[in-house]
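Undergrad: One-letter residues, chain by chain:
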Amino acid sequence: MILAPEPDLGTPAVPGDPTLSVTVDGQPVHVAPGTSVLRAAGLAGVPIPRLCATDSLAAFGSCRLCLVEIDGVKGTPASCTTPCVDGMSVATRTPQVDALRRGVMELYLSDHPQDCPGCARGSCEVQRLAAEVGVAEVRYGLGGASHVDDAGDQTNPYFAYDPAACIVCSRCVRACGEVQGTFALTVAGRGFDSRITPGGTNFLSSECVSCGACVQACPTSALEEKAVIELGMPTRAVVTTCAYCGVGCSFRAEVQGEGADTQVVRMVPWKEGRANEGHSCVKGRFAFGYAAHPDRQRHPMVRDRIDEPWRRVSWDEAIARVAAGFRDIQARHGVGAIGGISSSRCTNEDVYVVQKMVRAAFGNNNIDTCARVCHSPTGYGLNQAFGTSAGTQDFESADHADVFLVIGANPTDAHPVFGSRLKRRVRAGAQLIVADPRRIDLVRSAHVEAAYHLPVRPGTNVAFVNALAHVVVTEGLIDRAFLAARCENVEPYLQFIAGPEHSPEATEQITGIPASDVRAAARLYAAGPASAIYYGLGVTEHSQGSTMVMGMANLAMLCGMLGRPGVGVNPLRGQNNVQGSCDMGSFPHELPGYRHVSIPEVRHLYEDLWGVTLQAEPGLRIPNMFDSAISGSFRGLFVQGEDIAQSDPNTQHVHAALEAMELVVVQDLFLNETARFAHVFLPGTTFLEKDGTFTNAERRLGRVRPVFPSVVGKDEWQVACEIATAMGYPMSYAHPREIMAEIAATTPTFAGVSLDRLDAQGSMQWPVRDDSSMGTPIMHVDEFVRGRGKLTETVYVPTTERTTRRFPLILTTGRILSQYNVGAQTRRTPNSTWHPADVLEIHASDAEVRGVHSGDVVELTSRVGSTTLRAVISERMPPGVVYTTFHHPVTGANVVTTDNSDWATNCPEYKVTAVQVTVATALEHTRGVEARAAAVVAP
Amino acid sequence: MTGVAPVVRLSGDVARQFAHLPVEQAVEAVATHLSRFWEPRMLRDLVSRVQADEPGIDPLVGRTVRERLAADPGPTDRRA
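Residue numbers (my numbering), protein chains in the order written: chain A, 1 to 939; chain B, 940 to 1019.
For the record, the hints were derived by calculation from the structure and aren't laboratory data.
Being a predicted model, the structure only gives us computed values, none of them experimental.
Glycine residues also receive a C-beta, built at the ideal position from the N, C-alpha and C atoms.
Among the hints, a few may not be true.
Here are some of the chain B residues that sit facing chain A, going by a computed Cβ distance under 10 Å [said to hold, decoys possible]:
{"hint": "1", "residue": "Leu949"}
{"hint": "2", "residue": "Asp952"}
{"hint": "3", "residue": "Val953"}
{"hint": "4", "residue": "Leu960"}
{"hint": "5", "residue": "Pro961"}
{"hint": "6", "residue": "Val962"}
{"hint": "7", "residue": "Arg975"}
{"hint": "8", "residue": "Glu978"}
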């Protein structure tokens, strides 16, 4: 697409039917009550000049450019702050209005640099607007105090602030508050001295989260991407989907050049994107530079042994090596001796083809995906309760919630754009309950405060959710009509949960949460009237992760909080395509669409289409593959876009498993930790090169469009096809469109999906059962997918990971805003400015008794291993619990995490590891941390 | 956990979730879960360890294996 600014109607849309008839410069238009005159004019095709108004922000009425005349109204009101009235007649160009605009514009020009580089570049609207309103001269001169001697602020790695270009319209200040919800910016000074400031410090040191909303809102070049300043304005744009978290934001990749010479200048959140509605976070907005990082691998490589250097080879040689190696292993050790892991960072089409390669060409079901280590309990638990392995709502549903129950999720860090939506709703009056051992930002931040923070002790979630349900049941707060009409196993469950062992008073000693708080939170949730549960890996990554998911489903069913806007049970998915990779049949027991491999008619569907006999038994899960490798029955592994050597628990165990294999094939962007154990390396493609779809946490299929051609010469689905073909199972597609057509033809929930429809009609949420459907924003409206929702007796079974005198603390792990997962992408961007190394957060009392001070190097030891990192004393932590991230391989947080896993899915219990923390007095420890810090990859 | 075979540990994790049920129901639940989600070599490994009376095996797992899985690892169709 040729670069053109996105339409901006000046003020936000107002919900409602267009019942008002208005005329603007003779053009009739119908709008909903509450719509501004400015927006109505835009809708009528009569744009009105303005500087302080944009349709992502509430009207402000300060720039005085959008003045109009209205029949029967005195004066010249600002159109942005004037609501339409039925029958209103508006004139946007009259001699009086034109004169006023010219006068106002003269004032702006008197304090704007004549040689404004943004105006020259086309990124500043001031001089363009001056010409538009007909300013010929500036009567006041051009010598205003335009801050030309103010150095501005260059501290943020991605954008710069130039006060000389600033017109103090406050769009940035309002965007920071209204859109992002951080409230980091303000206007300091008065008159000509006015200046935008991030709280009296510089941008880098401030509370700014670098979401880019201010830059996007700025009508001048006062806040501008450094890439635009350096490279100039982009010349074309490609709308695509972000490859970071499960929010799945839509972006315009704005670029210069064509084909292989394409240079991405900036990523701008797309206003039409349903998941993000024009907002972004620091990762999606700015951290795309890894695609062109020097570490990026562009050629296949092979080696006979993992202690040998890599040798660059042709694609043909690499694929032949993979095929021959896998077939040789199968000939000697059986069909089940090899397997594959698909990536939640790849497209649905990539993933579908990889699982097909495993099932049809490898001839087994040893296919798993990195969802195993994050949201596999979501798949199990929600399928058991509701009949489908997905969240119940769309993101927009949050705008209708009266109460949020956020459990084990940290949206402002891990799902920032959804976090901003949630905070916006809380600022509008919704109540918030946060259940998390850490005092995350949502508990208390600018204009947001949780009604209850329930610091649940790691490992005790099920006792906690049972206590909530106990209160609801025993205090008569259940929705009896909903239960009677829509649920099963009601009476046995009610009898179970009413037992005194589930009371908040009984569970207080287990969970650490005061009973009175649990009771109050349960009453608040039950009262609704629309209460929504949002949860993350703090739920799933436990030995009872699946049980907890069912426990939350129980709670929602008890209170009738399903099947309508503002309610539901909603997983916040970790990676961009976790939902999609699961949908596409990446679990070893399920074919695409969550259908068990043992179901004959489903298996026969694929057998007829693929021309092979499929195994009717489940395959190995990732941890089972590791165990089987160590015991000798699993010898070859294809790993697509997952760094299992860093991300999976008990690193020593994983490394031993990888070392035991005869052939490890890694397909990735970089030589990651897993590649250290690989015999064949196949270069992968970034999202900027991919063509297909991602599915986000709200089941929304978003188009992923190539911004430039694959820099490695092949697409990833193509590589899987060629491996399968070389193994004797011919597999080929001409385009991802054909892959999605096969998915749609074989998977009822995707029957109406095609790339052509997505291109023509926009994103859609599965189930999309036919070509006339745009999908299903809210599930289980009239009945559950499984018929009746199933209440399950969720017995609390404590984890076997126990604290002792030797390991008295509990380690829990998580994610930080600026980094993503194992950091392979974000560590290769300036995002490391904010988080150059993993640190250990520890409560002051735990630190004091160990003689630990902030900044000390400490040794973190569990039953399976130890690592060293720096400690930070943090008020976020409760006593007895420490926290770190796993973004940096140099720290290796998973050296200490254990083999414990969710009983149903084997999702690792990352959130509960008994540890000890000691000051690392030995010099080699300190030197080790220093040396490893120095080895951090340059962005 | 050192020294415990993975299938012994993992089957014990499953069994603990159903230990509150009457034993016949518990056996049914464990058998259903293992046959729905476990790869055949893991089931065979577990069966051989139970038949060898290996220490550390959860009694409910042992009973499930002997009564339900030793001869027939599971029903053909294991949809939810």
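Undergrad: Run every hint past the structure and note whether it holds.
TA: Against the structure, the hints come out as follows:
1. Leu949: Result: holds, 7 Å to nearest chain A Cβ.
2. Asp952: Holds, about 4 Å.
3. Val953: holds (5 Å)
4. Leu960: Status holds, d = 9 Å.
5. Pro961: violated (12 Å)
6. Val962: At about 15 Å, which exceeds the 10 Å cut-off, the nearest Cβ of chain A leaves the hint on Val962/B violated.
7. Arg975: holds (7 Å)
8. Glu978: holds (5 Å)
Hints 5 and 6 from the earlier list are contradicted by this structure; the remaining hints agree with it.
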